[in-house]
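Asker: Residue strings, one per chain:
Number of protein chains: 2
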Amino acid sequence: MKRKLVSLSLVVSLGLLLAACGNSKSKQMTTLSNGSNNTYRTVVVNGKYLVSKSRGVNLDNGNSITSLKSFDSGLINVAKQEFAPKTYIFQEGQYLSSHTINQWLARKSEKHPQGLNPAKGSKDNPNPEYLQQIEEQDFMTQSGNQLSLRGMVIGIAVNSQYQYQKKADGPTYTKDIESSEAQAAGKAAAAKILQRLRQKKATQRIPIVFAIYQQAGDESLVGGNFVAYTRAEGNQIQHWKKLDYQTKLLPEVETTTTKTDKKDDDTQNFTNFRDRIQNFFPNLSGVTAQAQYYNGNLSGMNVTISTQFYSESEIQSFTQYVERQAKKYLPSGVPIEIKIQTTDNDIQAVVYRDGNSDNYNRHVFSAY
Amino acid sequence: MKRKLVSLSLVVSLGLLLAACGNSKSKQMTTLSNGSNNTYRTVVVNGKYLVSKSRGVNLDNGNSITSLKSFDSGLINVAKQEFAPKTYIFQEGQYLSSHTINQWLARKSEKHPQGLNPAKGSKDNPNPEYLQQIEEQDFMTQSGNQLSLRGMVIGIAVNSQYQYQKKADGPTYTKDIESSEAQAAGKAAAAKILQRLRQKKATQRIPIVFAIYQQAGDESLVGGNFVAYTRAEGNQIQHWKKLDYQTKLLPEVETTTTKTDKKDDDTQNFTNFRDRIQNFFPNLSGVTAQAQYYNGNLSGMNVTISTQFYSESEIQSFTQYVERQAKKYLPSGVPIEIKIQTTDNDIQAVVYRDGNSDNYNRHVFSAY
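In order, the protein sequences belong to chains A and B. Residue 1195 in our numbering sits at position 336 of the first sequence, with consecutive numbering throughout. Residue 1127 in our numbering sits at position 268 of the second sequence, with consecutive numbering throughout.
Looking at chain A on its own, in the form it has when it is part of the complex (with noise of 0.2 Å):
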């Protein structure tokens, strides 16, 4: 075991946390740098990354990987404002298991007496399911030889649709939810998932950061956006702050906003990057983006490009120009993204950059 151990960054042993856990068992804990001051230190046991108590309950309840992704990693950047990742290890949820999470999803009946969704209610006009995903990720701090609990983020992603059927062989009914609904039924149940930490030993005293995800509706071709996040250190939540996230398609459609606004000028670099590039190749099938806004700014772009089939070498110069191009035309100062593959998804090439560097990296996939 020792030698497994060699290139991770410290072993500790941890009699407090584990008897948090209920578990005496002696375990050989460690924690992972991923080697960047913006990214948590995360918690390895006998070996082992410790992975999540509720793993893959959101993947059950029907959601796309991408929204998880969305979800999850949206989740970690709220976090990052609370509970520092040069302070603070990470850790996945160990304190709500899956089952705990399928009960407080479940709509409130007699067999679900924890169901945080509403009663159904009317079969035909039944009352919305908001409650659509929640996650845990614990923060933890190293004082010694032991890692402690020191703060959690529950994350809550509320429906911004809901399905029905009045019969059970008929049609598919769907319905929109209001957007201020779905919130303040996203922060309700926030705040009983509150009380019940409370209750808990190892959740009692600890600050918990809440965040509500609101999703997309299904025709939406961007993912969801955090909306509102609290700390709670008491046993109530006192005041919800606004979270300003905005994702836009790009190229997007004209609209009659004002040429001065921050975001047309980042639309008018991206289409000046794609008509560069479509003019240089022939038979691009299609140069789209994503562009994520944090309180009105860019904060990131991810550019798909889709070719018909090229050779290694028109792969290979491609690639080259789509990063000169991008260094003219693509804005400064955020992490950008841009996959080039075949038009059945097939990864031909990336180029990317982080957002605290000017330059790009690219690199060419390959075949023997």
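Hint data in this document are derived by calculation from the structure and do not stem from the laboratory. Check before you lean on any hint, since a few could be wrong.
Because identical chains cannot be distinguished in the list, a pair is counted as satisfied if it fits within a single copy or across any two copies.
The calculated DSSO-like cross-link candidates involving lysine-lysine, where the alpha carbons are at most 27 Å apart (straight line), are [what the hints assert, rightly or not]:
hint	residue 1	residue 2
1	1186	1198
2	945	1186
3	907	1187
4	886	1187
5	907	1198
6	979	1186
7	1051	945
8	1101	970
9	1186	907
We have chain A; now place chain B onto it with these hints.
Answerer: Only chain B this time, still in chain A's reference frame:
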């Protein structure tokens, strides 16, 4: 137009080349540098990448993209031995059109007198179709304002199997082709192609390199390999040189090969790497690799890791862990590419290293 060319490395007007192409309109030609000593500059005409005159024909002939990439990138590697990238500029094949190549790949018949595959013969036991694809690559030099064709590489892929039906709606039969027989057919085709090219003005005197690629059988999990090449200065092919490429799928089944074998060291290193990461993360669906050998020495390795769905935090930690283990266990001095993807081939992250660097790069794909 001028503005489009600002980032390109040189602007040349090309009377002579254009005359050779039989095209007297004025075109603005430039080259695009790939920014490395070991990759070719490529030709750009009127701000557009100059694509092959036979573009797409090989895909039309029923090749998989993987097999085409393997053929195409292997051909460039052969070319580099004869036409060094620091001296020569790469141009996608401009002298053999799709029509010509399709004529040459046909079975010889009244309709296809130029066909290089043998006539069908007996319906019940037809002659094999030896030739699968033909690709042209051009190598130019620049002198003053002028690019001139200085060399050509012709890749010829031969089949290791062929399929036939005895009657129109009947069953399909598959027959293996002896390796030596297929290679002999490829070499005979090269001799004929050389004679045809020597009759064209542009290719009358330049050195022409022929390289024979042997396709893997349909049941093979790895692509084919280049097996022989020759450089013809005159009208006859003098001597074929053997090319010793091998592609191996790892982990491989235990063999009785002696443990001092170089390849077995690579296998052992890969197995150590795989065991480490499989121990560290639960539910990996598969860790496999393709190792390529040139003259018995490892020349590169592509690793594919299939994961069950992971959250963003899991993927971040996993990718970083994979990088450390790659540094520790995978062979140095050759290019390594590690693809981390879902079981349905959706890319999640990539870890890679160029052959001439000790450092790995990694990128985790994001979603908004």
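Asker: None of the hints should be skipped; say for each whether it holds.
Answerer: To see whether the hints hold, each was checked on the structure:
1. 1186 with 1198: both (15 Å within a copy, 25 Å between copies)
2. 945 with 1186: The answer is between: 25 Å across copies meets 27 Å, while 30 Å in one copy does not.
3. 907 with 1187: Between copies only: 18 Å across, 43 Å inside.
4. 886 with 1187: between (52 Å within a copy, 25 Å between copies)
5. 907 with 1198: Cα proximity of residue 907 and residue 1198: across copies only (21 Å, versus 31 Å in one copy).
6. 979 with 1186: neither (54 Å within a copy, 55 Å between copies)
7. 1051 with 945: neither (31 Å within a copy, 68 Å between copies)
8. 1101 with 970: neither (35 Å within a copy, 74 Å between copies)
9. 1186 with 907: between (40 Å within a copy, 19 Å between copies)
Checked against the numbered hints listed earlier, the structure breaks hints 6, 7 and 8; every other hint is satisfied.
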